[in-house]
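K.L.:
Respectively, the protein sequence lines represent chains Z and Y.
So that you can map any letter, position 68 of the first sequence is 68 in full-length UniProt numbering, and since no number is skipped, the others follow by simple counting.
So that you can map any letter, position 98 of the second sequence is 98 in full-length UniProt numbering, and since no number is skipped, the others follow by simple counting.
Hints in this document: simulated from the structure, not taken from any laboratory.
Among the hints, a few may not be true.
Stated by the list, open to error - Taking lysine to aspartate or glutamate and the DMTMM-like style, the derived pairs with C-alpha atoms no more than 25 Å apart in a straight line are: (1) Y/LYS83 - Y/ASP115; (2) Y/LYS83 - Z/GLU78; (3) Y/LYS156 - Y/ASP74; (4) Y/LYS68 - Y/ASP119; (5) Y/LYS156 - Z/ASP133; (6) Y/LYS83 - Z/ASP133.
Unchecked claim - Computed Cβ-Cβ distance ranges for the label pairs, DEER-style: (7) Z/ALA72 - Y/SER46: 49 to 57 Å; (8) Z/ALA11 - Y/MET1: 34 to 42 Å; (9) Z/ASP43 - Y/TYR38: 31 to 39 Å.
All C-beta atoms, glycine included, are put in the ideal place defined by N, C-alpha and C.
There are 2 protein chains.
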Amino acid sequence: MREATLDSVAALIAQHGLSSITMSGIAEEAGIGRATLYKYFSDIDSVLVAWHAREMERSLEQLAAASKTADAADQRLEAVLEKYAMISFEHHRTELAALLHQGEHAVRASRELTDFLRDLLAEGALAGTLRDDVSPEELALFCVHSLAAAGVLTSKAAVRRLVRVTLSGLRPPG
Amino acid sequence: MREATLDSVAALIAQHGLSSITMSGIAEEAGIGRATLYKYFSDIDSVLVAWHAREMERSLEQLAAASKTADAADQRLEAVLEKYAMISFEHHRTELAALLHQGEHAVRASRELTDFLRDLLAEGALAGTLRDDVSPEELALFCVHSLAAAGVLTSKAAVRRLVRVTLSGLRPPG
Numbered sequence: 001m002r003e004a005t006l007d008s009v010a011a012l013i014a015q016h017g018l019s020s021i022t023m024s025g026i027a028e029e030a031g032i033g034r035a036t037l038y039k040y041f042s043d044i045d046s047v048l049v050a051w052h053a054r055e056m057e058r059s060l061e062q063l064a065a066a067s068k069t070a071d072a073a074d075q076r077l078e079a080v081l082e083k084y085a086m087i088s089f090e091h092h093r094t095e096l097a098a099l100l101h102q103g104e105h106a107v108r109a110s111r112e113l114t115d116f117l118r119d120l121l122a123e124g125a126l127a128g129t130l131r132d133d134v135s136p137e138e139l140a141l142f143c144v145h146s147l148a149a150a151g152v153l154t155s156k157a158a159v160r161r162l163v164r165v166t167l168s169g170l171r172p173p174g
Numbered sequence: 001m002r003e004a005t006l007d008s009v010a011a012l013i014a015q016h017g018l019s020s021i022t023m024s025g026i027a028e029e030a031g032i033g034r035a036t037l038y039k040y041f042s043d044i045d046s047v048l049v050a051w052h053a054r055e056m057e058r059s060l061e062q063l064a065a066a067s068k069t070a071d072a073a074d075q076r077l078e079a080v081l082e083k084y085a086m087i088s089f090e091h092h093r094t095e096l097a098a099l100l101h102q103g104e105h106a107v108r109a110s111r112e113l114t115d116f117l118r119d120l121l122a123e124g125a126l127a128g129t130l131r132d133d134v135s136p137e138e139l140a141l142f143c144v145h146s147l148a149a150a151g152v153l154t155s156k157a158a159v160r161r162l163v164r165v166t167l168s169g170l171r172p173p174g
């Protein structure tokens, strides 16, 4: 029920934009009664927050999957950074995202993301393929911010160049 | 009058936070009558937008000044990136900033900022100190996003490391 509701939110946003979303519209799209919908969610805001939390969770799962596509630490990092940049590219930055990102669930997900990257970066530093003059924690923040630029790029080729530039920033200096 | 009003906005936000700001409070802090204030600004939102626009304009002026502190293109770029990162660091990201950044004035100022960086980066690419396999336009977007990480860092030393990492990303590869 909850999943079906959140699926219909995504469909409604894609079709009509954010501002036209109503509880009735969601109930109709999900094929449930309004009363049932209100048992799960008290208002539009709580539906949107739940939807955004699910999106972020799915993104983290995609990153974890990307990190399993290669054995070498360096290739895993590259796969993860490219996946993250592509997610940013596909979910172009919107007013909605900016607002929802203020939420507690978003803070938690961001923390998970930087922890995940930090561990990959620490491995690379240990292996000598990445710089070790800056902490993996700070490098993870650098990656997350730099790759967010994908949200304003207009082609996948540009996103791949952004990943390349970001990776150069991570290499040992000199 | 306008300047005095905007100065008092900054003081009020610093003292009491954003949510407690009222038109009466601004008028009192600026030492003007409420009626006079309403001649210049129709509501709190318009005061905040004007204040934010002035902040962004001042930041651009600081960046222009930083670019004049050195002769060599490379040192100018470094001075500008460090100044930008320090500005991000000092204006830690707030809900207010996220909201105001949606405004048209902010889009215009961001455009000015990326144009300014783009020109510096193009110079560096021409001089051979910066990479030329990615357009200066895309590299400018990379810089703006990567340096925004300064907003979540906790020391100026960390901000300087961030600038170093960002600069590494800009160097010719290989």
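K.L.:
All the hints need checking, so say for each whether the structure fits it.
P.N.:
Structure-based check of each hint:
1. Y/LYS83 - Y/ASP115: Answer holds: Y/LYS83 to Y/ASP115 is near 16 Å, not above 25 Å.
2. Y/LYS83 - Z/GLU78: violated (30 Å)
3. Y/LYS156 - Y/ASP74: holds (21 Å)
4. Y/LYS68 - Y/ASP119: holds (14 Å)
5. Y/LYS156 - Z/ASP133: holds (16 Å)
6. Y/LYS83 - Z/ASP133: holds (22 Å)
7. Z/ALA72 - Y/SER46: 49 to 57 Å: Holds, at about 55 Å.
8. Z/ALA11 - Y/MET1: 34 to 42 Å: Violated, since Z/ALA11 and Y/MET1 (Cβ atoms, about 51 Å apart) do not stay within the stated range.
9. Z/ASP43 - Y/TYR38: 31 to 39 Å: Cβ of Z/ASP43 to Cβ of Y/TYR38: about 34 Å, so the range 31 to 39 Å holds.
Violated hints, listed in ascending order, are 2 and 8; each of the other numbered hints is respected by the structure.
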